[in-house]
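> Residues per chain, in single letters:
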Amino acid sequence: MTLRWDVLLAILGMALVTFAVRAGGYAVLRAWKPPRFVDAMLNHMPGCIFVAFILPSVALQGAWHIAAAAVAILCMRLTRMLTVSIIASVAALWLLRGTP
Amino acid sequence: MTDRPGNNVVFTMSGFRHGIRTVVPVLPSFLPFGLVVGLESAGQGLSILEAGLMSLLVFAGTSQLVALGAWADPVPILAVTLAALVVNLRMAPMSAALAPWFHGLRGWRLWGSLFTVTDHSFALSVNAMRSGQKDAAYLLGLGIPGWLFWTFCVVMGHALSGFVTIQPGHPLLFAGLATMCALTVTLWRSRADLLPWGIAGAAGLSVAALGLPQPWPVLVGAIAGSAIGAARDMRR
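Order-wise, the sequence lines are chains A and B. For the first sequence, this note's numbering assigns the number 1 to the initial residue and increments by one for each residue that follows. For the second sequence, this note's numbering assigns the number 1 to the initial residue and increments by one for each residue that follows.
What the hints contain is simulated information worked out from the structure, not anything from laboratory work. All of these numbers come straight from a predicted model, not from anything done at the bench. There's no promise every hint is true.
[Claimed, not checked] Covered by chain A, per the in silico footprint, the following chain B stretches (three or more residues, Cβ under 8 Å):
id	segment
1	11-24
2	155-162
[What the hints assert, rightly or not] Some but not every residue of chain A turned toward chain B, in silico, with C-beta under 10 Å:
id	residue
3	8
4	14
5	19
6	27
7	38
8	42
9	55
10	69
11	73
12	81
Here a beta-carbon is modelled for each residue, glycine too, at the ideal position from N, C-alpha and C.
Bound-form chain B, shown alone:
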């Protein structure tokens, strides 16, 4: 899959615009989860500036929510940093899977694109890459509007905090997982995915059933599932 180097990947304005056109219709999907993160930041005593800054610099919703759950005064800096690390570990194999595009980039194009890898932009980019698209600016075109709109949603949520409250277990908190469920549908290629996906799910469930929290289920599941898939592909 990683044909390199200089695998005729390009980085053009038209690819960037294609990304923007693709992501704009799905931007509203950031809204429920962003509002929840904003409300939670206000609930934990962050100022609107601090909430906005966190979203701009971290830009990873689930980890922001988990870290805010561990918030206190003074802030347990090490604990929330570790929480972000653990929750976001799943992004490492994501950026690795986009390697064929990244191999063709350097400098700000490379590091800027890597900064904007999210569940959304990853799923959409994998699909474009699989269909043979060679314009890596597509990822950044998906990422930058998502980044700005995400921050906007969080700031909005913070501003609404005087009027709305969200209890633990509120259905809106499911928006993040619902987004990932829907994105998974777009990653389905054929029945050949059934075996690796099944193993990934079963392994993830088993690890979780042993009482280990994320990221262990996702890491063990993703590695087990893709190893089985790779073993089958190489025997053919």
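Isolated chain A (complex conformation):
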């Protein structure tokens, strides 16, 4: 149960910037009324963030990862059960390429 000063400082640094990002995205809008175009963009942000994060991360890892991502999407569409979809996706990857 040790707590070292350098580890604590690193954790506090990470916590501080993470909260700054979480709060900052909104704080800007609290202080400044965005033009209509930015409002319209925010309406599209949710899906676009996820797609733009996932696609490069998955595609660069190769065909098995793309297949496993497709399993997660398909399973979620069919069952609407998050936990089941994650397990199915990880299991698919496990079966397709085995453990390293």
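Given the structure of chain A, go ahead and fit chain B onto it with the hints provided.
Quick look at chain B alone, frame taken from chain A:
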């Protein structure tokens, strides 16, 4: 979208409980990724207290995993802080997109709710907001159980470290991305999403193909996709 101010947003105990009821069935989805982060913290020499503290205070799995990948003794404080900043930048547009709820809050309700924005609580809240829900306590109800359970999973993973090891490239490491894939499905509204999503994906891929690491693909992709969507909406 951001109708303000005081856009009749409320913050009630019943909204909070609704959030808890919604998130409890999906809590197990934190388990694989939390265990991986716990195992990795143990592998990098963090004590169980340090691993738990990181999860409680940072509460952002992918950034924890990436920072742990850069861990050393003594800890490169600036490098891991920067890693967390970069990986978590995608949360800034997330909290901006939830602005219609946040405009109705102040004090601990506002800052506490902002602290609990995650991929999970964001996707679920956007759906509730889009269906006209006005109770912003829903987000905190989703967030607090997720926060506590996430920390529990990481501590469990750390405790298991003597019995289990995880190599780089292990399928369990895919749990984080699998979660995001499944959450994306819930964000689909109609065929009108196809154009912005397609542009977001294509732009993200192109930036990644140029060799730029995250967060550049996600930032460029999200901005390009939503700008195209907004341009189309405003021409109508």
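> Taking 10 Å as the limit, does the beta-carbon of residue 81 (chain A) come near enough to a beta-carbon in chain B?
holds, 8 Å
> Less than 10 Å between beta-carbons is the criterion; does residue 73 (chain A) satisfy it with respect to chain B?
Holds: closest Cβ of chain B sits about 5 Å from residue 73 (chain A), inside 10 Å.
> Interface hint check: residue 42 (chain A), Cβ to nearest Cβ on chain B, cutoff 10 Å. Holds or violated?
Interface hint status for residue 42 (chain A): holds (5 Å vs cutoff 10 Å).
> Is the interface hint satisfied for residue 27 (chain A)? The criterion is a beta-carbon contact with chain B at less than 10 Å.
holds, 8 Å
> Given residue 14 (chain A) as an interface hint, is the shortest Cβ-Cβ distance to chain B below 10 Å?
Check passed: Cβ of residue 14 (chain A) comes within 4 Å of chain B, closer than 10 Å.
> Holds or violated: the hint that residue 8 (chain A) contacts chain B, with Cβ atoms closer than 10 Å.
holds, 8 Å
> Does residue 19 (chain A) hold up as a contact with chain B if the rule is Cβ-Cβ below 10 Å?
Check passed: Cβ of residue 19 (chain A) comes within 6 Å of chain B, closer than 10 Å.
> Under a C-beta cut-off of less than 8 Å, do 3 or more residues of the segment 11-24 of chain B approach chain A closely enough to confirm the stated coverage?
Since 0 is below three, the answer is violated.
> Can the hint on residue 69 (chain A) be confirmed by a CB-to-CB distance to chain B that is less than 10 Å?
Given a least distance of 5 Å, the restraint on residue 69 (chain A) holds.
> So, residue 55 (chain A) near chain B? Judge it on the closest CB pair being under 10 Å.
With a minimum Cβ separation of about 4 Å from chain B (threshold 10 Å), the hint on residue 55 (chain A) holds.
> Identify whether the interface hint at residue 38 (chain A) stands, where standing means a beta carbon of chain B within less than 10 Å of its own.
It holds, given that the least Cβ distance between residue 38 (chain A) and chain B is near 8 Å, below 10 Å.
> Taking a Cβ-to-Cβ distance below 8 Å as contact, does the segment 155-162 of chain B have at least three residues touching chain A?
Answer violated; 0 residues pass the 8 Å Cβ test.
Hints 1, 2, counting from the list given before, are not met by this structure.
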